[in-house]
Each structure stands twice: as C-alpha cells, then as structure tokens.
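*Asks:* Residue numbers (this note's numbering), protein chains in the order written: chain A, 14 to 516; chain B, 14 to 516.
Don't read these hints as lab results, they were simulated from the structure.
Take these hints with a grain of salt, some might be off.
Which copy is meant is left open, so a pair is good if it fits within one copy or across any two.
Once the Cα atoms are required to be at most 27 Å apart in a straight line, the calculated DSS-like pairs of lysine-lysine come out as [to be verified]:
(1) Lys208 x Lys254
(2) Lys325 x Lys208
(3) Lys325 x Lys230
(4) Lys271 x Lys208
(5) Lys270 x Lys230
(6) Lys271 x Lys178
(7) Lys254 x Lys422
(8) Lys178 x Lys270
(9) Lys143 x Lys270
(10) Lys322 x Lys208
(11) Lys27 x Lys322
(12) Lys254 x Lys322
(13) Lys319 x Lys270
(14) Lys230 x Lys319
(15) Lys319 x Lys254
(16) Lys178 x Lys143
(17) Lys271 x Lys143
(18) Lys254 x Lys178
Number of protein chains: 2
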Amino acid sequence: MSTASRIRCPQLRKRIMSAHDAAALIPSGVNVGMSGFTGAGYPKAVPQALADHIRAARARDERFRISVWTGASTAPELDGALAEVDGIELRLPYQSDPTCRQRINDGQMEYIDIHLSHVAQYAWSGFFGKLDIAVVEVAGVLEDGRLIPSSSIGNNKTWIDQADKVILEVNSGQSAGLEGMHDIYYGTALPPRRKPIQMTAADDRIGEQYLICPPEKVIAVVETDAPDRNSRFSEPDDTSKQIARHLLHFFEMEVEKKRLPQNLLPLQSGVGNIANAVMAGLNEGPFENLTAYTEVLQDGMLAMLKSGKLSKASATAFSLSPEANQELSDNIDFYRERIILRTQEISNHPEVIRRLGIIAMNGMIEADIYGNVNSTHVMGSRIMNGIGGSGDFARNGYLSVFMTPSTAKNGAISAIVPMVSHVDHTEHDVQIVVTEQGLADLRGLAPRQRARRIIENCAHPDFRPKLLDYFERACASGRGMHTPHLLGEALSWHQRFEESGQM
Amino acid sequence: MSTASRIRCPQLRKRIMSAHDAAALIPSGVNVGMSGFTGAGYPKAVPQALADHIRAARARDERFRISVWTGASTAPELDGALAEVDGIELRLPYQSDPTCRQRINDGQMEYIDIHLSHVAQYAWSGFFGKLDIAVVEVAGVLEDGRLIPSSSIGNNKTWIDQADKVILEVNSGQSAGLEGMHDIYYGTALPPRRKPIQMTAADDRIGEQYLICPPEKVIAVVETDAPDRNSRFSEPDDTSKQIARHLLHFFEMEVEKKRLPQNLLPLQSGVGNIANAVMAGLNEGPFENLTAYTEVLQDGMLAMLKSGKLSKASATAFSLSPEANQELSDNIDFYRERIILRTQEISNHPEVIRRLGIIAMNGMIEADIYGNVNSTHVMGSRIMNGIGGSGDFARNGYLSVFMTPSTAKNGAISAIVPMVSHVDHTEHDVQIVVTEQGLADLRGLAPRQRARRIIENCAHPDFRPKLLDYFERACASGRGMHTPHLLGEALSWHQRFEESGQM
Numbered sequence: 014m015s016t017a018s019r020i021r022c023p024q025l026r027k028r029i030m031s032a033h034d035a036a037a038l039i040p041s042g043v044n045v046g047m048s049g050f051t052g053a054g055y056p057k058a059v060p061q062a063l064a065d066h067i068r069a070a071r072a073r074d075e076r077f078r079i080s081v082w083t084g085a086s087t088a089p090e091l092d093g094a095l096a097e098v099d100g101i102e103l104r105l106p107y108q109s110d111p112t113c114r115q116r117i118n119d120g121q122m123e124y125i126d127i128h129l130s131h132v133a134q135y136a137w138s139g140f141f142g143k144l145d146i147a148v149v150e151v152a153g154v155l156e157d158g159r160l161i162p163s164s165s166i167g168n169n170k171t172w173i174d175q176a177d178k179v180i181l182e183v184n185s186g187q188s189a190g191l192e193g194m195h196d197i198y199y200g201t202a203l204p205p206r207r208k209p210i211q212m213t214a215a216d217d218r219i220g221e222q223y224l225i226c227p228p229e230k231v232i233a234v235v236e237t238d239a240p241d242r243n244s245r246f247s248e249p250d251d252t253s254k255q256i257a258r259h260l261l262h263f264f265e266m267e268v269e270k271k272r273l274p275q276n277l278l279p280l281q282s283g284v285g286n287i288a289n290a291v292m293a294g295l296n297e298g299p300f301e302n303l304t305a306y307t308e309v310l311q312d313g314m315l316a317m318l319k320s321g322k323l324s325k326a327s328a329t330a331f332s333l334s335p336e337a338n339q340e341l342s343d344n345i346d347f348y349r350e351r352i353i354l355r356t357q358e359i360s361n362h363p364e365v366i367r368r369l370g371i372i373a374m375n376g377m378i379e380a381d382i383y384g385n386v387n388s389t390h391v392m393g394s395r396i397m398n399g400i401g402g403s404g405d406f407a408r409n410g411y412l413s414v415f416m417t418p419s420t421a422k423n424g425a426i427s428a429i430v431p432m433v434s435h436v437d438h439t440e441h442d443v444q445i446v447v448t449e450q451g452l453a454d455l456r457g458l459a460p461r462q463r464a465r466r467i468i469e470n471c472a473h474p475d476f477r478p479k480l481l482d483y484f485e486r487a488c489a490s491g492r493g494m495h496t497p498h499l500l501g502e503a504l505s506w507h508q509r510f511e512e513s514g515q516m
Numbered sequence: 014m015s016t017a018s019r020i021r022c023p024q025l026r027k028r029i030m031s032a033h034d035a036a037a038l039i040p041s042g043v044n045v046g047m048s049g050f051t052g053a054g055y056p057k058a059v060p061q062a063l064a065d066h067i068r069a070a071r072a073r074d075e076r077f078r079i080s081v082w083t084g085a086s087t088a089p090e091l092d093g094a095l096a097e098v099d100g101i102e103l104r105l106p107y108q109s110d111p112t113c114r115q116r117i118n119d120g121q122m123e124y125i126d127i128h129l130s131h132v133a134q135y136a137w138s139g140f141f142g143k144l145d146i147a148v149v150e151v152a153g154v155l156e157d158g159r160l161i162p163s164s165s166i167g168n169n170k171t172w173i174d175q176a177d178k179v180i181l182e183v184n185s186g187q188s189a190g191l192e193g194m195h196d197i198y199y200g201t202a203l204p205p206r207r208k209p210i211q212m213t214a215a216d217d218r219i220g221e222q223y224l225i226c227p228p229e230k231v232i233a234v235v236e237t238d239a240p241d242r243n244s245r246f247s248e249p250d251d252t253s254k255q256i257a258r259h260l261l262h263f264f265e266m267e268v269e270k271k272r273l274p275q276n277l278l279p280l281q282s283g284v285g286n287i288a289n290a291v292m293a294g295l296n297e298g299p300f301e302n303l304t305a306y307t308e309v310l311q312d313g314m315l316a317m318l319k320s321g322k323l324s325k326a327s328a329t330a331f332s333l334s335p336e337a338n339q340e341l342s343d344n345i346d347f348y349r350e351r352i353i354l355r356t357q358e359i360s361n362h363p364e365v366i367r368r369l370g371i372i373a374m375n376g377m378i379e380a381d382i383y384g385n386v387n388s389t390h391v392m393g394s395r396i397m398n399g400i401g402g403s404g405d406f407a408r409n410g411y412l413s414v415f416m417t418p419s420t421a422k423n424g425a426i427s428a429i430v431p432m433v434s435h436v437d438h439t440e441h442d443v444q445i446v447v448t449e450q451g452l453a454d455l456r457g458l459a460p461r462q463r464a465r466r467i468i469e470n471c472a473h474p475d476f477r478p479k480l481l482d483y484f485e486r487a488c489a490s491g492r493g494m495h496t497p498h499l500l501g502e503a504l505s506w507h508q509r510f511e512e513s514g515q516m
C-alpha cells in the first residue's frame, strides 16, 4: 500500500495539509484529545508543529497553552515537545515523559492521574469540560471515511465522538496489516441506558474493525511516515528473574490447590522489565494455552504468542522494541489471528475484568508492612508516572499481584516501608506482594499477620530488622493493635531519605 | 402463619432442636459463615448458645474459638455475645460491635476488612480456607426444603453453598410477608465460566425468590421468635441537614447542566444519620421517580417509598427503627412491590454498579486536602467498623460522594487533615467531599487545585488557616509540587490529638 492509497476517502483527501497548517487550527486554551498509549499510535507531526507555533507565540509574548488528554503515555514527539515549550496547562490521565514529569513536579503543569477505565466516561459525562479537538493517528482511511486504527486505540473512539473537530495523522509507517486486528465497541452509553457487555472470553470480538468519524468533523489530514517510539527493554536482570520465579512457583501451587485452572486465567501485565521477565518465565514454564487480557502488549507476550504458550491476547496498545516490531510486521497475518486491540474503556472495564477473572500483575514504587501500595509518588510528593490501569485490574481482577525489587538506588531505598508515603492501592486491594526476596500471600490475613509475612518474605535483609523493630514497637505502643503505627515515625524513612539520601 | 407452619418441609422438621443442642454441633477451630447484615437477619439464638458452650469450655480451661464470616455487621446477640467470651479467632468482612471493636483494637481478635463485593468470590475460591458450617436465619421453609430468606440476604447463598453443614434459625418474628421480596441470583460462577449479569435497571429481577439448600446438609433447625436489633436513628441534626442541603443543591446543578437525568441515577446510601438526613432532604426535594440500588434500606428510604418519591429500591438488607419496621410489616404488600433484596455479591457487584451508574454516597472518618479518604481507622491504628461496600460503590459508580461533619469530639478533631492516617479511598476514587461547611467538587482538578477547594469549601473555620498554612509551606518546601507534603508534619495533627486530645 503506497502512502497515497492510505487515504482512500475523496472527501478526506481534500483535507490533506502540512502538519504546520494543521497545528495552526489548534488555538490556545482548548482541550485536545490525542491518540497514544504507552508510546504507540500517538500523533507524530502535529504536536511538534504545534510546539513550534507555541514557541513563536511565546516569542511574541503571547500566552499559549492547551490541555492534553490521551489514552496513556505518549513519546518525546508529543509530551516532550509540548512540555518543552511549556505548552500544556493540564495533562490527563497518564504520562511518563521526563520533561512533563519535571514540569509537573516543579508546579508548572497541572496533572490529573486517573484510573484508565474512568477516562472515557468522565469525558463523555462532561466532568472535564468540553473536548474541543481530537488529534488521532490512524493507519489508513477507507473510501467511506471509516478509519483503520493504528498501533494503539486508547480513548480514540471517545475523542472522535466527543470533539467538534478532528485532525487525523495517517501514518504509512504503521503496518498496513494492522487492518482487521482492532475491535471498536460502539455499545457503550451513559447511564441509565447502559447494557451488558456481552463478552465471556478474552478473545471475543464484540465491535467494529474501524473507527467511525463523520468526515465533516475532519478539519485536517496530515500524512506521516514515522515509527512509534519503540524503546528497547533491557534483558531481564537477576532481580527480575528472581521475582518471576517466585511468581511462577506461586502459580504452580495455586494450580495444585485447584484455585487456578491448568491454563491459569487471563493475564494482565503492567509495563516494564519485571513484567517482561515474568512473561519470559511463563514462556519457559509449564503452563500451556494461556490467554492475556491486558492494556499493553510487550515483547514478552509477543514471544509467547510466537511460541504458542499464549493462544490469544487482548490489549489496547502495543509497546514493542524495534526488533519485536519488525517481528510483528513480518508475521502480521499470524499475529492478527491472535491479537485483538480494543478501546481502553473495554480493555480496562471493571465489568469485563471481574467477569473474566483476570490475574493482575503490576509494578509498584513501594508497599508498606500492612499491604498498602504506592504506585505513583516518590517520597510522597513527586509524581513518577501515574496509576494507569493498575487499579482497574487490581480491584476487579481475580488475583492482584504487585511486584518490585526490594531496594532502589543501590540499596539506599527500601521498597518495603513502615507506611507508604502515598496510597494508590489500599490494603483491601492487594493480595500478593513479590520482591526478589520472596512472595507474601496476604489472602486471609489480618493486618498484623500481613506485616510479619511481608517483612519476612519481601523486605531486603538490610532493612528487615528495622522494619521488625518498627512493627514491634508500634505493637507495644498501646495505641491500637488493629494496624499498629507510630505516628511520629511512620514517614520517617522517607524523611530520612530526603535529608540524607539513605532510608 | 403460626410458628409451626413456618417449617413446612417434613425432613427439616425432624431436625428441629434447641439452640443449646444446635450450638453443641459447632466445634472449636471451625470457620462459620453466619447470616446478618447491618443488624438484620442474623441468627439470634445459636450464637448466644454457642457463647454459653464457650464459656463452659473456658471454665474447664479448654481453648474454644471459631472464625466468624458474615454479610456485614450483626448485633449484640451475635458479635457481642461471642466477642464477650473471647470466642472469635478471626472476624470478616465487617463489624460494628463495641465489644468486637475493643478486642480487635486490643490485639485479641484478628479482623479482615474486605470490600463486601469480594467476600463471596474469595470464599468460593478458597482464599479464606474451607467454610465448615453455615448458621443462617430464614423466615420460613417450604415443603420442598427451599428457604424463605429473612430481613437480609448478605452472603447466605454462598455460605449455604460452600458449607458442609447448615444450621437454620427459623424466625417467626420476621414478617411472613417477606416471602416474594427476595431475588437470589444463581448465575454466578468462578472464572473462566462467568456470564454477563443481565440486569439493566435497579428493579430487574434475575433470580429466585428462595434460597436453595440440600436438606441433607441441614444438621439442625432452631425455632426463634425475636425482632432484629432495630436500633433507633436520631432525628437529623442541623449539621446533617446542612450536609444534605449542600448535596441536594449540587444534584440540582448537575441536572441543570444535563450531567444527571431529571430523576437522577440509582442512589446508594451508606448507613447512619447523615445518610438518613440526605434521604429526608430528597423526600422534600424536587426530584421525582427516583430509584435506589444500595446495600441497606434505612428509615429514610422507606419514607421515600411511602411518599412515592422513590419508585423502587434494591438492597441486600433492611436496617430499620422499630417504628419503621412496624410500618413495613403493616404495609408489606405495598413494599413488596417496590423493594428487592438481593445477595450482596449482586447488590455490590462492580459490573452492575458501573452499568447502572450509581450515585454513591458514603460517610467517612476523615479526608485529606488532596481528597484521600479514611473510612475505617481512628488516628491510623484503631479500627472503627470497616470499609463495607463504600469501595464497591465509590470506585465503580457514576459519582462518588463522601460526607462527614467537619469536626468531631466537640471540635477537638478536624475531619479535614493534611494527610489521612489511613487510606481506604484514594484520590483517584473521590469526586465530591461534603461537610456542613460546604461541598468540594473535585472532578477535573489536579491535586493542588483540590487542596484549595477542600480547605476553602469543607474545612471548619477553626482549622482552615492551619490547613492553608500547612499547604502553603508544603508548596514552598521545594520537595515536589504535584502533591506537596511536609513529611515531618503530615501526620502531626493525629499525633497531637493522641498526645493532647486536640488536633
């Protein structure tokens, strides 16, 4: 398929223009819904051209800022470029860009960190105000104007439905073979008109292959030919492999106790090296005919699809290394039969997650001795990325697993602390905590029992005696034995790190 | 219906015995699933008889403790009696009994505080171990052995299904007219065999009127004739009325902005005086044809059904004053057409709550300036009651509202604090905070914006300047401007209260 033939709709061909001209259609002060999820399928030209316009406006002493709503994280060409020129007033629902993060933590940009399953309904309900413009990357346009989605879907359906104006980027760098891989559910509604989502397996198709967009909404079409960020993940290190081993052993025991089927239940896996290590472990493990119902399809799952260990995978986005992306493109027919990309309101929908009985596996920054988890804030105040979909899966899944190395910063930081400095997942939502030291199964345990289990199984030996000392003194304090804490010391580990660089 | 005729099944009539004899069938060390939800439908004779056995065992220096699983809170005849003799090893998933609470906070009883929607599936999955015995109050037994549920359902279906042995209390004190009010859904399953729950309105019936129990499981039937606890709620005070007024005004504005339908969306309301005040406010307010999809039906909702403001209500339990209970009994035919009692896995099911678009209204102990909510712990360590269903509704509902008076203990405690001492509902799950001072709508606000809104709208004037001072010094600290905190001071308000009795 040549670049030209990617836009088969005559009406939309008339709207082709440069990124510079398209970006000029975005005024200051608007809410813009952009495509993009974990560095996949984000617009690559318009945001950078918009950054140029903003830079020029700044040079004229004009204020120029927009609000940016996406699926999840994007890439330097979007978040990086717009944050660099201080062009973002408000960012939601997730980011992981270094420049963005710096601006947020410097107090120069507002950021709302939202459960990914909530975003579409909040936007639709008008809780964030009016969405003015959508900027969406697609892989192509059919003759009748329907859109072939790109390497992520995220909130694109909602942005296109809700925005008055739509700017399309048609990226011929995306494999033409993506066509047919997507499943866009058009059955959502606002209450009281919602119906059951009739899905009972991770690979059920319930929607359309294409995004529907009234051509008259489209104010610009920009042609691009550029790859997704496709950053490389490092090979699993010993720590990640050890975490994976603990988790696999746990799964084997659960199957033995008949609390999990032989082929487990649909897997959700967060993004990162530990997640990839778990997938690598599963790829060499005893389980066959696995399925995945997750947000993001990383290298590890692609390898499992190739080996046959994983029979089907549902996600809302890819997040692949350049090598894995090449593998996907080279064998797109094989993968199209095994991968379904959905809107993120469905990939993360509480109804579907609960029904399918997902095994939720997510990373974290820290856990406390009672099993509360911090996924987002460094030392209580500074945002790292955001909660993403971890809450959707942990709360509504069948099992909720949180994983991290037991220390960070060369041992200066313990990932197990007396009290987390920010809570994203409460004690009520955390069942399994895993570090390279071991696994703590918290099911059926009361708080003080959880504390001993987490300290003994998960804390690094360098911090274990200090944690035990805190816990025992808290128990002896007479302040209350349900969840014993020493209020004056609970956050002292974080405070010590801030002051001395060492917990 | 005479007492005798309440047990129409000949096979079960043979199992009639005294509470003393029935309780003797419960040995030490077992897991017992009991009926009971918010002081309704709990067994009234067997737990007290069991407490006598335990007391006798203690006198013989024998250890005798059981684990008690229920729907939610019960009453002095169950939790109180068993806690009094130190007969409970582990309690889940909710309690509100003073003796229980004391033992938990003294470290003499383990307690697991669980989202009420999670309990049935965890028990079924074996996450809490084997359920040995069920002790369930019913209102009657049909000839074929099917059971007429009582004034609450809670987890009774699951207890009866999962336990090897069942002890029934047939309470002729419960209105015979309850028959036909219940809807027991038998369509649940463990994954991967779950199907959509085909419910699209709060008053849809999807199950059976009766509980099904194989008669051979029933090891004892005990006849009782005793009312539920039926504690009286005090008349709404000025503070509660003011909270209700703020909330009603908010609803009116949301309807005006077309973000809520004219008849709102199905209401969930926590238990207590503020909840009753909100219902009283709605009963005098402009909204017609309301519906409720909630856990507990209190006096306020009964009055709204009577007035016609509320057309239908779904719950899993009643919690009525003696007067309201009399009103229910006197007009049971009227109410039976308007009330549906369901199992708690359905009343609190994330799938249904999300689909119906529930307006979740729950009380809390405290909120912090960033919108994190503590529903369970006093000063971080001492349990009050438990999270109950608040998380099920707040996370998955359409709107999540948390309410409290702005101060407690005659002004010694501020309900708005720099950092909550325990988190049950994270910043991601809290949209609306209401005190008698005002309402803070947090939707679409980043953390620092939320802080100013909460301090200005919700904090008591006595604490407002101190909160603002904390916030501004945290912002000036340079530690990170996303969620500014002073780690050394964040919990100092609670610490000060512990030391001096004044925040």
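*Asks:* Take the hints in turn and mark each one as holding or not.
*Replies:* Verification of the hints:
1. Lys208 x Lys254: neither (43 Å within a copy, 36 Å between copies)
2. Lys325 x Lys208: both (26 Å within a copy, 19 Å between copies)
3. Lys325 x Lys230: So Lys325 and Lys230 fail the 27 Å test inside a copy (35 Å) and across (42 Å) alike.
4. Lys271 x Lys208: between (33 Å within a copy, 21 Å between copies)
5. Lys270 x Lys230: Cα proximity of Lys270 and Lys230: across copies only (25 Å, versus 56 Å in one copy).
6. Lys271 x Lys178: Classified as between: cross-chain Cα gap 22 Å, same-chain 53 Å, threshold 27 Å.
7. Lys254 x Lys422: Result: close within a single copy only, 19 Å intra versus 52 Å inter.
8. Lys178 x Lys270: between (55 Å within a copy, 22 Å between copies)
9. Lys143 x Lys270: between (51 Å within a copy, 12 Å between copies)
10. Lys322 x Lys208: Cα proximity of Lys322 and Lys208: across copies only (26 Å, versus 34 Å in one copy).
11. Lys27 x Lys322: neither (47 Å within a copy, 56 Å between copies)
12. Lys254 x Lys322: Within one copy only: 18 Å inside a chain, 60 Å across chains, cut-off 27 Å.
13. Lys319 x Lys270: neither (30 Å within a copy, 51 Å between copies)
14. Lys230 x Lys319: Answer is neither; intra-copy 40 Å and inter-copy 50 Å both fail.
15. Lys319 x Lys254: Within one copy only: 21 Å inside a chain, 63 Å across chains, cut-off 27 Å.
16. Lys178 x Lys143: For Lys178 and Lys143, the Cα distance is within 27 Å only inside one copy (12 Å; across copies 58 Å).
17. Lys271 x Lys143: Close across copies (13 Å), not inside one copy (50 Å); limit 27 Å.
18. Lys254 x Lys178: Result: close neither inside a copy nor across copies, 48 Å intra and 45 Å inter.
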